[in-house]
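Since chain A is already given, all that's left is putting chain B on it; use the hints.
Protein sequence lines, in the order shown, are assigned to chains A and B.
Residue numbers are given in the working numbering: position 82 of the first sequence equals residue 162, and the series is strictly consecutive.
Residue numbers are given in the working numbering: position 418 of the second sequence equals residue 453, and the series is strictly consecutive.
Any given hint might turn out to be false.
Unchecked claim - Which residues of chain A face chain B? A few of them, derived with a C-beta cut under 10 Å, are:
#1 128
#2 132
#3 133
#4 150
#5 176
#6 196
Derived from the structure by calculation, the hints contain no laboratory data.
Predicted model only: the values in this text are computed from it and were never measured.
By construction, the Cβ of each residue, glycine as well, lies at the ideal position given by its N, Cα and C atoms.
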Amino acid sequence: MERNMGSNKIASFEKLVVLISKWSDRISQMAVAAMMLVTIANILGRMVWRPIYGTFDYVSFFSVIVVAFALAYCAVQRGHISVELIVVRLPRRVQGIIGCFTNILSLGIFVIVIWQCMVFAERMIRTKQVTMTALLPFYPFIYIIALGCFFLCLVILVDLIKSLDKAVKG
Amino acid sequence: MTPSTAAIISIVVLIFLFLLKMPVAYVMALVGFLGFIWMVSVPAALGIIAKGFWTMFSSYDLTVVPMFVFMGAVAFYAGMGGRLYDTAYKFFGQFRGGLALATIFACAGFGAMCGSTNAEAAAMGKVTLPEMKRYHYDDSLATGCVASAGSLAILIPPSALLIIYGILTEQSIGRLFAAGILPGVLLTILFAITIYIVCRFRPALAPPGAKSTWKEKLTSLTGVVEMFLLFALVMGGLFVGWFTPTEAGAVGAAGAIVIALARKRLSWKAFLNSLADTTRITAMVFLIVTGAIIYSYFMAVTRVPFELSAWVGGLGVSRTVIMVIIIFGYLIGGCFMDSLAMVTLTVPILFPLILSLGYDPIWFGIIIVLVAEMGVITPPVGINVYVIKGVVPEVPLETIFRGIFPFLAAIMACIFILIAFPQIALYLPNLLF
Numbered sequence: 081m082e083r084n085m086g087s088n089k090i091a092s093f094e095k096l097v098v099l100i101s102k103w104s105d106r107i108s109q110m111a112v113a114a115m116m117l118v119t120i121a122n123i124l125g126r127m128v129w130r131p132i133y134g135t136f137d138y139v140s141f142f143s144v145i146v147v148a149f150a151l152a153y154c155a156v157q158r159g160h161i162s163v164e165l166i167v168v169r170l171p172r173r174v175q176g177i178i179g180c181f182t183n184i185l186s187l188g189i190f191v192i193v194i195w196q197c198m199v200f201a202e203r204m205i206r207t208k209q210v211t212m213t214a215l216l217p218f219y220p221f222i223y224i225i226a227l228g229c230f231f232l233c234l235v236i237l238v239d240l241i242k243s244l245d246k247a248v249k250g
Numbered sequence: 036m037t038p039s040t041a042a043i044i045s046i047v048v049l050i051f052l053f054l055l056k057m058p059v060a061y062v063m064a065l066v067g068f069l070g071f072i073w074m075v076s077v078p079a080a081l082g083i084i085a086k087g088f089w090t091m092f093s094s095y096d097l098t099v100v101p102m103f104v105f106m107g108a109v110a111f112y113a114g115m116g117g118r119l120y121d122t123a124y125k126f127f128g129q130f131r132g133g134l135a136l137a138t139i140f141a142c143a144g145f146g147a148m149c150g151s152t153n154a155e156a157a158a159m160g161k162v163t164l165p166e167m168k169r170y171h172y173d174d175s176l177a178t179g180c181v182a183s184a185g186s187l188a189i190l191i192p193p194s195a196l197l198i199i200y201g202i203l204t205e206q207s208i209g210r211l212f213a214a215g216i217l218p219g220v221l222l223t224i225l226f227a228i229t230i231y232i233v234c235r236f237r238p239a240l241a242p243p244g245a246k247s248t249w250k251e252k253l254t255s256l257t258g259v260v261e262m263f264l265l266f267a268l269v270m271g272g273l274f275v276g277w278f279t280p281t282e283a284g285a286v287g288a289a290g291a292i293v294i295a296l297a298r299k300r301l302s303w304k305a306f307l308n309s310l311a312d313t314t315r316i317t318a319m320v321f322l323i324v325t326g327a328i329i330y331s332y333f334m335a336v337t338r339v340p341f342e343l344s345a346w347v348g349g350l351g352v353s354r355t356v357i358m359v360i361i362i363f364g365y366l367i368g369g370c371f372m373d374s375l376a377m378v379t380l381t382v383p384i385l386f387p388l389i390l391s392l393g394y395d396p397i398w399f400g401i402i403i404v405l406v407a408e409m410g411v412i413t414p415p416v417g418i419n420v421y422v423i424k425g426v427v428p429e430v431p432l433e434t435i436f437r438g439i440f441p442f443l444a445a446i447m448a449c450i451f452i453l454i455a456f457p458q459i460a461l462y463l464p465n466l467l468f
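If we strip away everything but chain A, and leave its shape as in the complex, we get:
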């Protein structure tokens, strides 16, 4: 009974994480469209009148939004390249143990990324750094990378819990 409740909780946590990553991916999709539109508008603008000031900055920042917000859902879809050759041939329990190990390492590196992005963003706030032409502040976009990596960490965490379950139950 207790075990069932536990697995229910895990299932609803997983649902929540998938939902979050899906919505963040939608923001990313909108940023792709925006990136294309700004670029086209800039080309048309410079042909008929004048270019859009700061296009370069806008496109770079849309790129941050596209990538950061797509990381998690890409991981949900197993979109990040990995070598499956060996592990799929191992018994379930061993797969679970290996999964625990690699997911902890993965969590570790992305927690460091989040932490360092926060540190970096704070430094940017302190030094009031802005882009050259559009004069946009850098820091919100660095926080976006941290947020995107946080969503990715949630996906890895779900994977870790599942691997633990596999390792214990076989």
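Same frame as chain A, now just chain B:
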């Protein structure tokens, strides 16, 4: 511990973690970070993490990836591959082996819209395989042909792999794209010759298809003409300097949307699917390049790439022999690893060596693409073969792998021709830039 020992240990750890199915991008970032701690210091290693993620994610140069991926995705969902195949079919279908020839030419055409091999294999597989089945083509030839020809997508511009190579080695994307065109044509011809030879010796494998009149042939051209105009605008604009690569990609994507809407081939759902594919592939590519950059920071402080190039340079072996060894290494590596991952991992290590041997970096980019093309079709992890298997689940994997061998030989022939005549790759970029 000497820096070289640290580098070698890092490679062992890297391969170990790859084999444990940890995503390649995560592994490269992690090992690069740990290596940097070992070689320099903890604060320095923490510093390169934020720097690596920020500079890559906000890199204007890399924004060319989502734009061209979007263009390819729209072309995919709008069924442009099908129209190219219809036209090629009308022209070649009636000959023995003609359906396979049409597949090759349609793939080459679709490669001009799409920069990813598995997307192309999926798109063209769905269109061409039912037709070849209908005319009783041998399964092995049909599947091998479309799996191999799908790889033309990364040679004929736009090409995701050439973009990534350009970013990692700081080469012009425009020059790289220009360099891909003639070798792309050459490989298409070599694939066609392969089919001719196969049919010559075993005519039963590829019976002729339906005949079409000249009127039908000519009308079918109207279905593809706008795609070639778009390609000409995108690449022409890039080559003459109207557009930056990102702008060329944006024009391509917008153009593909306009064409698809005009032909009433792009539903709202298909549009959303193209966006979803774009974000997935973009996230994958950016993260893997970021991982590779962090790992290459570490490799640079070990100085191994430079020592390697000095060491090989001191061996006194002819540079062609070294190139053949490198290509052979990629061929073996490509059997076990995803081509994109392998390229991002190895190019920063090998690049100084290539330069010191006096090879042109643009030419080497094309060679890298060709070895990657072999990697996507060689067993046991040739991704295109699995994509095709997904399209025709009833055909056994072994049958498909058997079918790719003649085409693998064609790619190898292409590599050797390019080693003997580097001008084939370098003529256009030198002419245009």
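A quick look at each hint next to the structure:
A distance limit of 10 Å between C-beta atoms decides the matter here; for residue 128 (chain A) the minimum to chain B is near 14 Å, and the interface restraint is violated. Interface restraint check: residue 132 (chain A) against chain B, minimum CB-CB distance 12 Å, threshold 10 Å, status violated. This hint is violated: residue 133 (chain A) has a C-beta 15 Å from the nearest C-beta of chain B, more than the 10 Å allowed. With its C-beta approaching chain B no nearer than about 4 Å, residue 150 (chain A) sits inside the 10 Å limit, and its interface hint holds.
The interface hint given for residue 176 (chain A) is violated, since its Cβ lies 12 Å from the closest Cβ of chain B, which is over the 10 Å cut-off. About 4 Å separates the beta-carbon of residue 196 (chain A) from the nearest beta-carbon of chain B, less than 10 Å, and the hint is met.
Checked against the numbered hints above, the structure breaks hints 1, 2, 3 and 5 and satisfies the rest.
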